[in-house]
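Trainee: If you want the building blocks of each chain, they are given just below.
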Amino acid sequence: MATEVWARLMIAAQGGDKAAYRLLLDEVQVWLARYYRRRLPPDLVDDVVQEALIAVHTKRHTWDPARPFGPWLAGIARYKWIDRLRNLKATRAEELPDSLSVGDHGDSILSATVLADLLATLKPAQSDVIRLVKLEGRSIEEAAALTGQSPALVKVNIHRGLARLTKRVEGYANDDE
Amino acid sequence: MSNERIIDQLVSDLAPVRPRKAWRDALWLGVVGLVELVLVVATSAPRADLAVAMTGPMFWWKLASCAGIAAAGAAALFALLTPEARVDAGRRWMLGAAGVAALIGVVLIGISALPAAVQMTLDWREGLACVGMVELYALPMLLATLLIARRAAPSSPRAAAFAAGLASAGWGALLFVWWCPHDDPLYIVVWYGLALSVGAGVAWTVLPRFLRW
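First to last, the protein sequences are chains A and B.
Okay, so the first sequence: first residue is 1 according to the working numbering, each after it adds one.
Okay, so the second sequence: first residue is 178 according to the working numbering, each after it adds one.
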């Protein structure tokens with residue numbers, strides 16, 4: 001079991017063993033990349049992997065060898081993922097990365113499927129404008145014209161919809177693993 | 178910067194660490210509480226009728242409720258300080274404590290409330306002074322819990338902040354019980370409830386930014 005090996009490596013790393021630590025980080029990096037590729041747009045993955053690696057480093061004293069290593073690592077990965085989702089939510093439409101609406105490989109398809117499921121839980125007025133503005137890259141005015149909502153209402157529905165999505169994602173994150 | 182470069186830096190920066198243990202944090206909070214207790218006892222005298230008050234049930238209900246809320250807040254905080262913690266674990270402790278204290282209070286109010294005395298028992302000047310003293314007594318413990326939480330890795334900073342606020346306000350109220358001359362259940366539910374809410378609310382609002390990692 002990989003996490004048992006990682007636990008032994010982490011115990012050595014907590015004692016200052018640099019070789020064990022390098023081995024651990026090399027393996028954890030691969031696991032983290034796989035974790036985030038299923039949850040984030042491809043061009044964000046490396047950034048978040050690095051943030052998570054730094055968090056593993058700065059918080060390595062918070063892992064108690066008496067407890068399993070896997071949930072601890074997954075907790076850090078989840079925390080950094082939710083943190084990034086919050087940042088995405090706070091970002092304005094025109095600043096969102098283009099990759100949210102492109103990409104044709106498996107991970108993107110999986111992300112799009114998850115996103116579609118999440119959007120389906122919102123009110124139509126909210127999911128329509130999020131799809132148009134955030135996913136298709138249309139302007140607020142275009143979305144307003146297409147949906148019959150006023151520009152101000154489009155903004156409000158995007159804000160409320162994203163807030164609700166974030167809450168749901170956090171709920172999924174808590175049930176994850 | 179590539180992942181490999183980051184890993185190189187982290188490995189070169191590696192130093193031995195001592196794994197965090199909850200009992201050490203609890204011990205630290207105990208020491209802070211003890212020091213504060215000694216300081217408070219040394220600098221002020223408890224309520225004049227303490228001996229008489231201790232013979233009645235209201236004093237002990239007040240004491241037990243505050244102690245229970247402080248303990249539940251601390252338990253919730255400790256449950257929330259690791260990355261793998263789930264918010265539900267802490268929430269159960271806090272809601273349970275608040276629910277039990279409120280229920281006991283409501284029952285006692287029902288038994289002993291006298292309509293004519295309500296205005297007197299809810300003396301707002303005294304009440305606000307009580308709230309202020311509870312918050313003052315809570316401050317050292319709030320700082321201690323903040324230090325502990327910052328060194329840990331709470332997966333939900335806001336929930337951890339709320340638990341820290343509840344624990345420290347509960348502790349502040351527990352200390353203040355020995356000085357507060359009021360034993361009326363309505364007074365206690367209203368003003369102690371407000372003090373606990375303010376302590377937890379301020380922590381919930383202010384502390385999360387210090388707990389992100």
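In case anyone wonders, no lab produced these hints; they're calculated from the structure.
Using N, Cα and C, we set each Cβ at its ideal position, and we do this for glycine too.
It cannot be assumed that every hint is accurate.
Now the in silico label distances, taken between C-beta atoms and shown as ranges [what the hints assert, rightly or not]:
(1) R386/B / D117/A: 27 to 35 angstroms
(2) A222/B / K167/A: 22 to 30 angstroms
(3) R182/B / H61/A: 37 to 45 angstroms
(4) A306/B / A120/A: 53 to 61 angstroms
A short, non-exhaustive set of chain A residues, derived as facing chain B with CB atoms under 10 angstroms [what the hints assert, rightly or not]:
(5) G15
(6) D26
(7) Q29
(8) D64
(9) P71
(10) K89
(11) L115
(12) A116
Trainee: L115/A was flagged as interface toward chain B. Is the shortest Cβ-Cβ separation under 10 angstroms?
Mentor: Status violated, d = 23 angstroms.
Trainee: Hint check: is the beta carbon of A116/A less than 10 angstroms from a beta carbon of chain B?
Mentor: A116/A check fails; min Cβ-Cβ to chain B is 27 angstroms, beyond 10 angstroms.
Trainee: Grab the minimum C-beta distance from Q29/A to chain B and call the hint holds if it beats 10 angstroms, violated otherwise.
Mentor: Since chain B brings a Cβ to about 5 angstroms from Q29/A, closer than 10 angstroms, the hint holds.
Trainee: Do the Cβ positions of A222/B and K167/A conform to the proposed distance bound of 22 to 30 angstroms?
Mentor: 50 angstroms, violated
Trainee: Could one say that the CB atoms of A306/B and A120/A fall in the range 53 to 61 angstroms?
Mentor: 54 angstroms, holds
Trainee: Would the hint on K89/A be counted as holding, given a Cβ-Cβ threshold of 10 angstroms to chain B?
Mentor: 15 angstroms, violated
Trainee: A closest beta-carbon separation below 10 angstroms is what the hint needs, so does D64/A meet it against chain B?
Mentor: 5 angstroms, holds
Trainee: So, D26/A near chain B? Judge it on the closest CB pair being under 10 angstroms.
Mentor: Interface hint status for D26/A: holds (7 angstroms vs cutoff 10 angstroms).
Trainee: Take the shortest C-beta to C-beta distance between G15/A and chain B; is it under 10 angstroms?
Mentor: 5 angstroms, holds
Trainee: With chain B as the partner, please determine if P71/A meets the hint condition of a C-beta pair closer than 10 angstroms.
Mentor: 4 angstroms, holds
Trainee: When you take the CB atoms of R386/B and D117/A, is the distance between them in 27 to 35 angstroms?
Mentor: With a Cβ separation near 32 angstroms, R386/B and D117/A satisfy 27 to 35 angstroms, so the hint holds.
Trainee: 37 to 45 angstroms was suggested as the range; check whether the CB atoms of R182/B and H61/A agree with it.
Mentor: 24 angstroms, violated
When the structure is compared with the earlier hints, violations turn up for hints 2, 3, 10, 11, 12 and for no others.
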